[in-house]
Amino acid sequence: MTTTALPGLGTDRSLRRYDDIRRLLPDVDNPTPLVRVRHVLPEAGLSLFLKLEWLNPFGSIKDRAAAAMLEGLEKRGELAGREIVEASSGNTAIALAALAALEGTKLTVTIPDGVPEEKKILLRMLGAEVWETPDDLCPVDHPRDGAIALARSLAASAGGDRYAATNQYDNEDNVRAHYETTGPEIWRQTEGRVRYFLAGFGTCGTITGVGRYLKEQDSSIQIVAVEPQPGHRLPGLKNFGEAKQPSILDWDVVDHVVRVDDGPAYATTKRLFREEGLIVGPSTGAIVHAAATLGADHHGIAVGVSADGGLKYTSYFAETLGDEGLPQI
Numbered sequence: 001m002t003t004t005a006l007p008g009l010g011t012d013r014s015l016r017r018y019d020d021i022r023r024l025l026p027d028v029d030n031p032t033p034l035v036r037v038r039h040v041l042p043e044a045g046l047s048l049f050l051k052l053e054w055l056n057p058f059g060s061i062k063d064r065a066a067a068a069m070l071e072g073l074e075k076r077g078e079l080a081g082r083e084i085v086e087a088s089s090g091n092t093a094i095a096l097a098a099l100a101a102l103e104g105t106k107l108t109v110t111i112p113d114g115v116p117e118e119k120k121i122l123l124r125m126l127g128a129e130v131w132e133t134p135d136d137l138c139p140v141d142h143p144r145d146g147a148i149a150l151a152r153s154l155a156a157s158a159g160g161d162r163y164a165a166t167n168q169y170d171n172e173d174n175v176r177a178h179y180e181t182t183g184p185e186i187w188r189q190t191e192g193r194v195r196y197f198l199a200g201f202g203t204c205g206t207i208t209g210v211g212r213y214l215k216e217q218d219s220s221i222q223i224v225a226v227e228p229q230p231g232h233r234l235p236g237l238k239n240f241g242e243a244k245q246p247s248i249l250d251w252d253v254v255d256h257v258v259r260v261d262d263g264p265a266y267a268t269t270k271r272l273f274r275e276e277g278l279i280v281g282p283s284t285g286a287i288v289h290a291a292a293t294l295g296a297d298h299h300g301i302a303v304g305v306s307a308d309g310g311l312k313y314t315s316y317f318a319e320t321l322g323d324e325g326l327p328q329i
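Letter by letter, the sequence shown follows residues 1 to 329 of our numbering.
Honestly, the hints are just simulated from the structure, not real lab data. There's no promise every hint is true.
Quick list of simulated restraints, FRET-style, between CB atoms [said to hold, decoys possible]:
no.: 1; residue 1: 134; residue 2: 240; range: 14 to 24 angstroms
no.: 2; residue 1: 81; residue 2: 311; range: 16 to 26 angstroms
no.: 3; residue 1: 14; residue 2: 231; range: 47 to 57 angstroms
no.: 4; residue 1: 7; residue 2: 244; range: 35 to 45 angstroms
no.: 5; residue 1: 192; residue 2: 252; range: 19 to 29 angstroms
no.: 6; residue 1: 274; residue 2: 170; range: 19 to 29 angstroms
no.: 7; residue 1: 259; residue 2: 43; range: 38 to 48 angstroms
no.: 8; residue 1: 259; residue 2: 121; range: 41 to 51 angstroms
no.: 9; residue 1: 267; residue 2: 117; range: 22 to 32 angstroms
no.: 10; residue 1: 162; residue 2: 193; range: 26 to 36 angstroms
no.: 11; residue 1: 162; residue 2: 18; range: 44 to 54 angstroms
no.: 12; residue 1: 75; residue 2: 43; range: 46 to 56 angstroms
Lysine-lysine pairs mimicking DSSO-like chemistry, simulated, CA-CA at most 30 angstroms apart [as the list claims (entries may be wrong)]:
no.: 13; residue 1: 75; residue 2: 244
no.: 14; residue 1: 215; residue 2: 75
no.: 15; residue 1: 120; residue 2: 106
no.: 16; residue 1: 215; residue 2: 106
no.: 17; residue 1: 244; residue 2: 215
no.: 18; residue 1: 106; residue 2: 75
no.: 19; residue 1: 244; residue 2: 120
no.: 20; residue 1: 120; residue 2: 270
Everything numeric in this text was worked out from a predicted model, so none of it was measured. Just so it is clear, CB atoms sit at the ideal spot from N, CA and C, and this is done for glycine as well.
Please work from the sequences and hints to get the whole structure.
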């Protein structure tokens, strides 16, 4: 029996038709949307827009960094014949797992054991090997860095021949992804009128890359970093009192740091669900709450990162909602 190849139609962005899921990755001509927060901050001096990064093909802002870091490994010849290892609270790993699956490359993920089960299940569905890591695997002065320590140990094992480490906390390709895509998208989408940019402290690729790009366009643009409190439960965000500061963080682009507690972050997340129809993760609630605390003396267009969607956190939300739907943190 003979088989006939199916005819291809080719990629056509104007028709939203793609030959490969990777063609959905964003750039200045195919940006993720900006959506205004109209009800949660109706009286604020800021006009806040959220950049909906959960509409990326693999569900988060980390799609950008994962693609850029893999590209960097390939260009430097570090990936050939090796598996990939990465420490992640979930989103980078999910994007890496999807991209690696497309290439037939194995991914090992070291992940804090407190990460939502939804993310761990997604990783295993994508074929990743998941190593859950308790906090006591790391130095006492950085009690949340156990996954990073384990990933580095694996990368150094077997003489360094088995694993290629994307190492998102120290990888300049992480910064490059946002300098080349996220920043230009925001500048173009706001017609150059953005006055504030808000992003959380995490790997710091986003705040460094976007901050550099926007400051180059207009040095008066204010870059606002959002940091959780020690002992927080805001996945993807880091408090530098309990986690090592990433080497890619550029403090020169950071104008303000706003500390956010879990309670207001989750309460704001609930409001975004119920008043804006935005099914966002808790870090978005932290970003919006931080924007609200800037005060009435801040005016103009602000853009905040909505890093991922709320469907990955349903177990967290179930734990934090009481009988009347009120946060119980």
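Evaluation of the provided hints:
no.: 1; hint: 134 x 240: 14 to 24 angstroms; in the structure: holds (21 angstroms)
no.: 2; hint: 81 x 311: 16 to 26 angstroms; in the structure: violated (36 angstroms)
no.: 3; hint: 14 x 231: 47 to 57 angstroms; in the structure: holds (49 angstroms)
no.: 4; hint: 7 x 244: 35 to 45 angstroms; in the structure: violated (53 angstroms)
no.: 5; hint: 192 x 252: 19 to 29 angstroms; in the structure: holds (22 angstroms)
no.: 6; hint: 274 x 170: 19 to 29 angstroms; in the structure: violated (39 angstroms)
no.: 7; hint: 259 x 43: 38 to 48 angstroms; in the structure: violated (23 angstroms)
no.: 8; hint: 259 x 121: 41 to 51 angstroms; in the structure: violated (32 angstroms)
no.: 9; hint: 267 x 117: 22 to 32 angstroms; in the structure: holds (23 angstroms)
no.: 10; hint: 162 x 193: 26 to 36 angstroms; in the structure: violated (49 angstroms)
no.: 11; hint: 162 x 18: 44 to 54 angstroms; in the structure: violated (33 angstroms)
no.: 12; hint: 75 x 43: 46 to 56 angstroms; in the structure: holds (49 angstroms)
no.: 13; hint: 75 x 244; in the structure: holds (28 angstroms)
no.: 14; hint: 215 x 75; in the structure: holds (29 angstroms)
no.: 15; hint: 120 x 106; in the structure: holds (16 angstroms)
no.: 16; hint: 215 x 106; in the structure: violated (38 angstroms)
no.: 17; hint: 244 x 215; in the structure: holds (26 angstroms)
no.: 18; hint: 106 x 75; in the structure: holds (18 angstroms)
no.: 19; hint: 244 x 120; in the structure: holds (24 angstroms)
no.: 20; hint: 120 x 270; in the structure: holds (23 angstroms)
Hint compliance for this structure: hints 2, 4, 6, 7, 8, 10, 11, 16 are broken, all remaining hints hold.
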